[in-house]
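Visitor: Using the sequences and the hints given, assemble the complete structure.
Numbering (the working numbering), first residue to last: 148 to 219.
There's no promise every hint is true.
Listed below are the simulated SDA-like cross-link pairs for lysine to any residue, each with C-alpha atoms no more than 25 Å apart in a straight line [said to hold, decoys possible]:
#1 Lys199 - Leu187
#2 Lys174 - Lys188
#3 Lys199 - Phe167
#4 Lys185 - Glu204
#5 Lys185 - His211
#6 Lys206 - Lys185
#7 Lys188 - Ser175
#8 Lys174 - Leu205
#9 Lys174 - Ala154
#10 Lys185 - Ile153
#11 Lys174 - Leu191
#12 Lys188 - Glu203
#13 Lys168 - Gln192
#14 Lys185 - Lys199
#15 Lys199 - Thr177
#16 Lys174 - His211
#17 Lys168 - Ile153
Ranges of calculated distance between the beta carbons of each label pair, as one might list FRET restraints [to be verified]:
#18 Thr196 - Ile159: 24 to 32 Å
#19 Asp184 - Pro155: 25 to 33 Å
#20 Pro155 - Ser183: 41 to 49 Å
#21 Cys213 - Glu186: 25 to 33 Å
#22 Glu186 - Ala154: 39 to 47 Å
#23 Lys174 - Glu210: 42 to 50 Å
#24 Ile202 - His156: 15 to 23 Å
The hints are simulated quantities; they were obtained by calculation from the structure and are not laboratory data.
It should be emphasised that the depicted structure is a prediction, and the values quoted were computed from it without experimental measurement.
Idealized CB from N, CA, C, for every residue including glycine.
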Amino acid sequence: MQSQGIAPHESIELHELLTFKNLCLTKSITMSPLLSDKELKSILQQDVTTTKRHIEELKELLEHSCLNNTNL
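Guide: Structural data, given as structure tokens:
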């Protein structure tokens, strides 16, 4: 069975998730300097690293989207 790519509604969901992840990343980076607890700061840094990876994965998926301008 050949892959048909990502459907329009899936592309919209991915875009919403990407927007949310970007917001979370911004908040984590902004809050990090305000923390004094080393353990909490470490957890937040791990979250930043993971979120950056997730954002890149979501971008890759959106590149295969039928709503991507390069695929039209």
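Visitor: Of all the hints numbered above, which does this structure not satisfy? Sort the numbers upward.
Guide: 4, 5, 6, 9, 10, 16, 19, 21, 23
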